[in-house]
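Build out the structure end to end from the sequences listed, making use of the hints.
Here the sequence shown stands for residues 522 to 1170, where the numbers follow my numbering.
FRET-style restraints, in silico, Cβ to Cβ:
no.: 1; residue 1: 733; residue 2: 756; range: 33 to 43 Å
no.: 2; residue 1: 922; residue 2: 999; range: 19 to 29 Å
no.: 3; residue 1: 1083; residue 2: 859; range: 23 to 33 Å
no.: 4; residue 1: 556; residue 2: 1115; range: 49 to 59 Å
no.: 5; residue 1: 989; residue 2: 746; range: 39 to 49 Å
no.: 6; residue 1: 1103; residue 2: 585; range: 30 to 40 Å
With a straight-line Cα cutoff of 16 Å, these simulated EDC-like cross-link-like pairs (lysine to aspartate or glutamate) come out:
no.: 7; residue 1: 1151; residue 2: 1118
no.: 8; residue 1: 1059; residue 2: 1019
no.: 9; residue 1: 999; residue 2: 855
no.: 10; residue 1: 828; residue 2: 1163
no.: 11; residue 1: 820; residue 2: 1163
no.: 12; residue 1: 1151; residue 2: 1073
no.: 13; residue 1: 1027; residue 2: 1094
no.: 14; residue 1: 1005; residue 2: 787
no.: 15; residue 1: 1097; residue 2: 1127
no.: 16; residue 1: 1071; residue 2: 1009
no.: 17; residue 1: 883; residue 2: 904
no.: 18; residue 1: 1027; residue 2: 1095
Simulated from the structure, these hints should not be mistaken for lab results. All values reported here derive from a predicted model rather than from experimental measurement. Every residue, glycine too, gets a C-beta built ideally from N, C-alpha and C.
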Amino acid sequence: MSPFFPNAQFRGRSAWLWPALAAIAGWINIHHRFNQVVHADAEQTYLPAARLFLEQGWSFFLSPASYRVVPLAYLWPALWGAEPYWIRLANGGLWLGCVYFLWNTSLLLGGLRAGILAMFLWAIHPELPRYFATELTEPIFLFGVFGWVYFSAKIIIQKKINATTIWLAALMLTITLLSRPVLQIIAPILLITCLIQMGTSNMRQPQKIDKTSNACRAMAISLALSLIIPAIWIFKNGIIFGLWGLGTGSGTGLYLGTHPLFQGTEPPFLGLNYDVNILGITALNEGDHLSIAVDRIAKNAALWQIKSMSFFEGLLFFARKAWWWLMHHPSQVDAFGSALRKMRIFEILTVGTFMLTAIHKKIQEKKHSGSFFAKSPPWTATEIFSAALFCIFFLMLAQLLPILYNSRYSSALLDPWLILITSYGFSKILASLNFESTFKSYQWRIGFTTNSDAKIFKILLKIALLIFSTPIIFNAIKNREQIKIDPDHLGKNISHLEISLNSQTKTYGLVYKEKNTWIVTESPAAFQVTINQESINKITESAVFNGLWKTELTLTPPQGGACRKAEISYQTDEGKILQPISRRPLLLALSGNGKTEQLVTHANNELRPHQPGSLRTVLNCPVGTVLQWKNTQFLESRHPWDANSHLVH
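Below is the structure:
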């Protein structure tokens, strides 16, 4: 019996159903979002460049506007007249292409089971389908990625080595490089790997040319061909503009991705503003972060930021970023729903389970052979290809660590590889489990078969653990993580306002004791620092770009008690409580251990006082907790100015 279906004939007739459902799901998603507003990146950068190209023709490539983004970011929209309607309609075709490539690659990797899971993960992804109803680069990039992987699989796994397959693999990788050049380092590494493999193979068996050697040679040719147009483009930019790259923007990505105050993520996650243009204005009196000069300044500033970290600080900084790249930032989970992280947890659990199972199997084989040094059988083409996907994924993750994190980049750059290796790993976990069914009149029998009952139990147990562990792990993470500005890594800042007088405070649920000390009588309690008009004028005159509130206090709960979170807001004298939509960075965990702690939040937007009121801190501490308040300050982040002062221009 064939797995999942009662007979092979039925399976063959119905297999098309899975990619068809995935295609329809994507088209429905595009339809629902078809009339949404144009994304800011497309509105401000991609579409204007596309319209300039349509107006100027080929001469556009000689203008500075041509290097501000990678070529396909404007050439693909220009192909459709830079009209959102036609671009989104064309992206529906790219979605179908992605489904076709992903489905067939998964079949080559792990058969029908891998294909079904890949279609499921692709169709229900909480973020990626959304981008096909936009003018962003994700649709054409993903089309290129999946196309390149598919034609590479045909070369390596199927050994279908001909000029057409080689050229199509090269074309798809070229599309990938020209739409989002994240493989511009990995592709040459793969080419060098193929050349080394060819060289060592010729040294071992100079007279023998097998299918593996032919596949390696074909991959080397396709990789080399794919680099030709990007190399020409880089040469053009270098000769004409002095930019040895496909486009600018990497400097901004590195600067923001290593920014200590922003923690390497989008500044709005913490309520802050992008300060890269200030860096450009400070250094060069130029506020365009996509100009060549500012791009270089930003890269140098990023290097300074990395060098300024101690080894331990750098380890913690990039470990935290690796976690967010893999599991997503809580702010992005809030934006796209819990499925964004749950899918990653399931994928990583599946891949980890498969790897542990494979390692255990190898160990058992070595034990049965009687020697751990016995020669292992050669890897199959499928194993080689899946190992390559693993390597590309980990290389991509390492490459992304110093880059600005957001879920858009994480999903588009990591999920193509994760979906494939998850589907492959899942199919291998189920490899020895068959699903059989018999249909007769008035009878329907269904069941699992394998070569032993013990194996059935183990496999079903693994599946159950994968499914039920996902929400458990998700909730465990959710209950423990917090997002806040790190008081120890604020960067350079100056104080514009410091309040430390008891007369400038108001409290609710607190009784004053002595010397800026209060005792909690009700929980939750509120501690408020009043901001008068004079203080507001002082803050306004300072014209602060990124402001910070910092409060120093000590909380000592009664024995056996513990404080939970504090919540920060601004309350006007009329009683109106002001907070931004995103409250996450305003919910701060309290140590409550009798030691001085610093509560730091942004002081932008709703938290920037424009009328008299008070900075309000709600304390969730048990009755009897002793509060000792030192001061509250309004700070200005001077990080871009500090970065510029350390650069050699």
